[in-house]
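Participant: Here's the letter readout for the chains.
2 protein chains.
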Amino acid sequence: MTKIISVVPNISEGLDAAFIEGLRARLEAVPELMVLDVAMDQVRNRTIFSFTGPREAVFQGGFLVYEAALGRIDMRHHEGEYPRIGAVDAFPFVALKNATVEEAAEWAQAFAQEVGQRFQVPVYLFGEAARTPMRRDIEAIREGEYEGFAQKMADPAWKPDFGPDTFPADKGATMIGARLPIVNLKAYLTTGDEEAAEWTAHALSGATSGMPGVKFYPGLDRTRGLALLNITVGNYRATPLYRILGAIRTELHRFGAGISRVETVGLVPQGALIDSALHHLQVVGFQEEEVVETRLDQILSQRFTLG
Amino acid sequence: MTKIISVVPNISEGLDAAFIEGLRARLEAVPELMVLDVAMDQVRNRTIFSFTGPREAVFQGGFLVYEAALGRIDMRHHEGEYPRIGAVDAFPFVALKNATVEEAAEWAQAFAQEVGQRFQVPVYLFGEAARTPMRRDIEAIREGEYEGFAQKMADPAWKPDFGPDTFPADKGATMIGARLPIVNLKAYLTTGDEEAAEWTAHALSGATSGMPGVKFYPGLDRTRGLALLNITVGNYRATPLYRILGAIRTELHRFGAGISRVETVGLVPQGALIDSALHHLQVVGFQEEEVVETRLDQILSQRFTLG
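So the protein lines, in turn, are chains A and B. Position one of the first sequence corresponds to residue 0 (numbering that gives the first Met the number 0), numbered consecutively onward. Position one of the second sequence corresponds to residue 0 (numbering that gives the first Met the number 0), numbered consecutively onward.
Each hint should be verified, as a subset may be incorrect.
Copies of the same chain look alike in the list, so a pair counts if it works inside one copy or between any two.
[As the list claims (entries may be wrong)] Using 20 Å as the maximum straight-line C-alpha spacing, the simulated SDA-like pairs for lysine to any residue come out as follows:
1) 2 with 298
2) 185 with 284
3) 185 with 7
4) 185 with 274
Since the hints were made in silico from the structure, they are not lab data.
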């Protein structure tokens, strides 16, 4: 069964199309590497690559990204709207299919060690690859940003996981980590009362009372006249969708309100939906290998391997 | 994206291992055909084959099954515990992955026409391939069984869809159809009161009041001391799992009882679970192409096709 871990490096260059296309071409030339997407963002002056393949190919492609970006980008002259700490700002490994987030974390850690040595850039492990709870949240590492990072690194608590202990002003620092695919939802309330959305977002976003790794942004859909919540779920295994929806319904009860409809934004992993189905159907002991499509993948990939 | 339709022919021979192994070997020799399973059943004196592949391969394999079974089995001498009407009793086409049941029905109809002409056997279309509502239920066609089938065919209402109008005593008749994968559930109640299970099964199995294509069998788990329902879902798209569970909970309310746990038996299609997740999460407008794994299949199969 094919294990699919993808990487989604963000680099701090979104204007130089020739450079980006050149890097894409070099990635596509790596044997067995598959480029899934390249998204240039001129306003934020950054580009997000997405590629996958076997471990060797992903690592080789990753080193190409560091080599090219660190050779091209001088952070002392970088301007853009998005918070960032370095030329290769973040490099997440995402457990996409038939792979656990622990496997993605193992890839990330091995890759990060090599990047620190080879490119002499400070490396912070984040997400499921983090070695301390404080570094699980990528925003906590990014705090202070490029402009404040030399000072941040002076604090021993912010010694990097790999690479030099001092901040190279041209390269900046880099964050390498592992995560599940992020799930983005938009929940429309049954009311136009923005206070209901604000209360709920506040109640569920607290550092202690909140849901770990889940972010809530209140808003209003003027066309529909309905308050809404934008929801970002960092780890749908740790915080299943049914529990998030249940918590929202509990808070909205105070306003005599509920959820009128939910929309998904972007893709959703099979497991995030199946978890919620099993909960509501009261199914116990179910494994994802018992899904018809997953079992078929196993059978067919074995056949192809055996010839 | 690979479309996977499998076939699950049942033949009325479960004792002659050399014959079954010979047929398996002939199937495996068909280019691009993949045998998924062969299950001989001596008690019932029948064997269930399961194979898949591109349309051409599946048809070629199917003709091999008819040729071999009709050449080997003489129904005048067949004995076994399972109800059956012919040497190749049933030949379902199952929409397993990236295929709709309508596509499976189209395959079944084309295959059935050819079988009727080539082998001079009466063919009945069933399930989603049926041309009349009465023939959707395979049990309605099978009623009367081999022993009563010559008489049944005398009724113009039971003229076959293809093949001769008279019953060949040696071959019997055959049923070719299309369906989704069957979902089997076991729901344990919160009570040991068998009447609650019996009431619920009776209430939901009625010809008019019941849930179409869903069968309920009441029982008792003596070890746990809990009544239970065995549930067979013929078309999880037409009757989603959440609706079945909801109907059971409604009936059990009369006894102050509920469902304590549900177990799945065998494999469950992704779509059956996702439908129920979407319902409870109140997600609208979601397409299966928005599942990470499904989208990845699309992307990766395109890459491989393009080289």
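Participant: Would you mind marking each hint as holding or not holding in the structure?
Facilitator: Hints, one by one, checked against the model:
1. 2 with 298: both (14 Å within a copy, 15 Å between copies)
2. 185 with 284: between (30 Å within a copy, 12 Å between copies)
3. 185 with 7: neither (23 Å within a copy, 42 Å between copies)
4. 185 with 274: Answer is both; intra-copy 19 Å and inter-copy 18 Å each pass.
Hint 3 alone, counting from the list given before, is not met by this structure.
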